[in-house]
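These are the residues of each chain, in order.
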Amino acid sequence: MNNNHHFSSYEQLSNTWDEMYSNNAEIRTPYETIIQYLKNTSKETLIKKEELSKQLFMSQGVTFTVYSDNEGIEKIFPFDIVPRIITAIEWDIIERGIKQRIKALNLFIKDIYNEQFIINDGIVPADLIYNCPNYLREMKGIKVPHDIYVHIAGVDLIRNNDGEFYVLEDNLRTPSGVSYMLENREISKRLYPGILPRNNVRSVANYPNLLYKKLQELSYHKNPNMVLLTPGIYNSAYYEHTTLARLMGIELVEGSDLVVKNHFVYMKTTNGLKQVDIIYRRVDDDFLDPLEFNATSVLGVAGIMAAYRKGNVNIINAPGTGVADDKATYVYVPDMIKYYLNEEPILKNIKTYQLSRPDELEHVIENIKTMVIKKTDGSGGYGMLMGHEASDEEIKDYLDTVRKNPSAFIAQTILKLSTAPCYINGELSPRCIDLRPFALSGKDGIDICPGALTRVALKKGSLVVNSSQGGGSKDTWVIQ
Amino acid sequence: MAAVKTLGLFNNFETIKRMLSRVANNLIWLERYMERGNGIISLLKVNFYANQDSPELFSWTPIIQNYNASSEKIHTEDAIECIEYMVFNTSNPNSILNLVTKARENARSVQEHISREMWLCINNYYLYLIRKDLIRKLKEEDPIVFLDELKKYHLMYNGTMDLTQERGSSYYFMNVGKFLERVIQISDFTAMKLIEIAKTSDSLEQSFYWKNLLLSVGGYQLYLKTHKSSFQENHIIRMIFQDKLFPRSMYYCVNKLSRHINKLIEINELEKNNTEFLLGKLESTIKYTTIDGINEQGLNHFISDIKEDIKNISLSINTVYFSHSN
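Quick note, the sequences are listed as chains A and B, same order.
Number 480 marks the last residue of the first sequence (the working numbering); no jumps.
Number 1326 marks the last residue of the second sequence (the working numbering); no jumps.
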């Protein structure tokens, strides 16, 4: 049986890299096995598989809740059944590139909160740091274990039409999505029995063990008491928090389970207080300690920062890492790599314009239709202006806002995100994708799990892959 | 260096896992909700049969009144409507849907403490309950098949817990919840029938109620085996309250409750405080009050004493996790 019609309406986007088809519409070698499998499978079977994947997500409880009108609706993060494939050669570049980047960024954060050589040497302007809302004065001069600030990073990459990977964002605070890397793989095993081994797909199952080991090594205790701090069941990533806690074998705690006494952090157990050594927090800096940051926060623990400063507890990632993944700081990462490591960046940055510079602002306005403007402290795909699809009025309004505080915005040329085949309405169609691998830093260096979260913009022609805006995900196969 | 070594050594002694107070609380309530759901389904099933036979004796109102804590009053004697109310209505705090939703929320937040299989079991039960076509199944098909389907999830849940949950603090806390709830249920079911029994002097009618009580707690078959088909109040009370081997008797459940509480005290998860004392008091009340003694004070009085004791035990366990919460 041959079901070539799955492919009949596959229209490649112009001037865009397609992960499956080469420029002359031939199937790239790594995709051959899976494509052959799809061709030999009927539409009915594929639709059943799609249905099965949804059921599996639901029955495992891999859901997030959307609240409206006081009612919570549980949803699954849309999953596309066709895997995204990355070759060993591509992975090698990605891996080396991210390691290099995280190494430099970590040195940068240490430098910024201590001697500030990079400012004194005129590489990074002081304004940039002090204007950054994610810079934490409270972190100045704190000695963190093994000088590691970014223990967990989820760097977002995209592949441009030149076939190269570019860094979109560094995500050094509390990056999420790793549970989908794990869960998507589990679903693939069920959907395509036998296909994974035939493709020599590298396993991602080790991630929780690796994370545990990296965090454990930070402590002087042999068996440190490690907890995962969640904002609670109303957080959209709660599923991920429960999963990671379960797979690492550590306690999932909420702010109200912890208490600080004499600068030590304790959890409230049935048998009294028990000291906590390491907190893998999934609560943002701002909510971490009502005594030092947002005073109305009930998600954090009062006094935790004082305990941290005394070295009595380790917080993962360190507070204040947001100073390095801010969109305005992003521009300087290639310079940081040269400055701290004396190396050429392996992964490229996207050409970025700083709107506080009049000449660059002018250039952006002239070429607005090919530009995307973002807030430097924005995330989740919100508050952006996509020049090619905005109306003249929207552009005008947005630029008015920009002119009021130009340093709060950056602009980038709209990149051509690569496309990958997605199974949509019974046939394969190209959709834009990105890539988020997860890097773990410990005292013995940086390790990257050979897999990633591939996010998909499921809307036709859309470049926005964020889950909050119609994005979905794919399993990501790194092959040997 | 010496200091580090000492810390390492200290840590090795610290292998006893301490449980978060919130977790212990959620485990107890997870089981209480599940057990309550299980009991209510049995009650609905038994009442459905009885109501078909003699609607004047087995009205739905007492059941709804006992479980509906909301201000909304419901007046219907239509069996299907009543079952629908008790299973699906979201303003009824004890509807099966609400109980399972709450059980699932508790389970979700303690996933690293319960077996994976238990979580999947509860989650699938919940997903079954929110299926859009389920109400239609109740309305258009056999209500007993409908209730049996729900019951199966409870049986599967209990079996899964038995086979997959390691014995340890989580298991003990869950069982504390389970047997607390079961004791409350036996008291409630009996009290509900006593109200009806008091309304009539017809001994045949009274025997119907007693038989119905046996069915509701699941002791009918055992009763027949032991006492044949002759329904005597004293035998029934003795079986429901004092039988050592019947798993839904008061005696059996209090014994189990005591066993799990003592396990928790043994591994230092629960402070002795006065839980042990209260439990001992309850145990001796149940074990050593003769049937004549019960009759003398009245079954109603006996039950309300038990309920009072259970309330105090429950409060005393509560103090364990509330005492650390500030």
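I should point out that these hints are in silico values taken from the structure, not numbers from a laboratory.
Here the structure is a predicted model, which means the values were calculated and not measured.
Hints are not guaranteed to be accurate.
[As the list claims (entries may be wrong)] Cut-off 16 Å, straight-line C-alpha distance, at most; resulting in silico cross-link-like pairs (EDC-like, lysine to aspartate or glutamate): (1) Lys1102/B to Glu362/A; (2) Lys1307/B to Asp1188/B; (3) Lys460/A to Glu427/A; (4) Lys99/A to Glu344/A; (5) Lys1132/B to Glu1084/B; (6) Lys1102/B to Glu71/A; (7) Lys1307/B to Glu1283/B; (8) Lys1132/B to Glu74/A; (9) Lys404/A to Glu344/A.
- [ ] Quickly compare the C-alpha distance for Lys1307/B and Asp1188/B to 16 Å and report which way the hint goes.
- [x] 9 Å, holds
Discussion item. Checking one constraint from the list: CA of Lys1102/B to CA of Glu71/A, max 16 Å. Satisfied?
Written reply: 15 Å, holds
Quiz item: Are the Cα positions of Lys1102/B and Glu362/A separated by 16 Å at most?
Solution: Status violated; Cα separation ~57 Å.
**Message:** So if I understand the rule, the pair passes when the alpha-carbon distance is 16 Å or less; does Lys1307/B with Glu1283/B pass?
**Reply:** Holds, at about 13 Å.
When you check the alpha-carbon spacing of Lys404/A and Glu344/A, does it fall within 16 Å? Violated - the C-alpha atoms of Glu344/A and Lys404/A are around 36 Å apart, more than 16 Å.
Worksheet item: Going straight from one Cα to the other, do Lys1132/B and Glu1084/B come out at no more than 16 Å?
Response: 14 Å, holds
_Distance restraint between Lys1132/B and Glu74/A, which requires alpha-carbon spacing of 16 Å or less_ = 15 Å, holds
Does Glu344/A lie within 16 Å of Lys99/A when you go C-alpha to C-alpha?
With Cα atoms ~13 Å apart, Lys99/A and Glu344/A stay inside 16 Å; holds.
* Under the criterion that the straight-line Cα-Cα distance not exceed 16 Å, is the pair Lys460/A, Glu427/A satisfied? -> 13 Å, holds
Hints 1 and 9, counting from the list given before, are not met by this structure.
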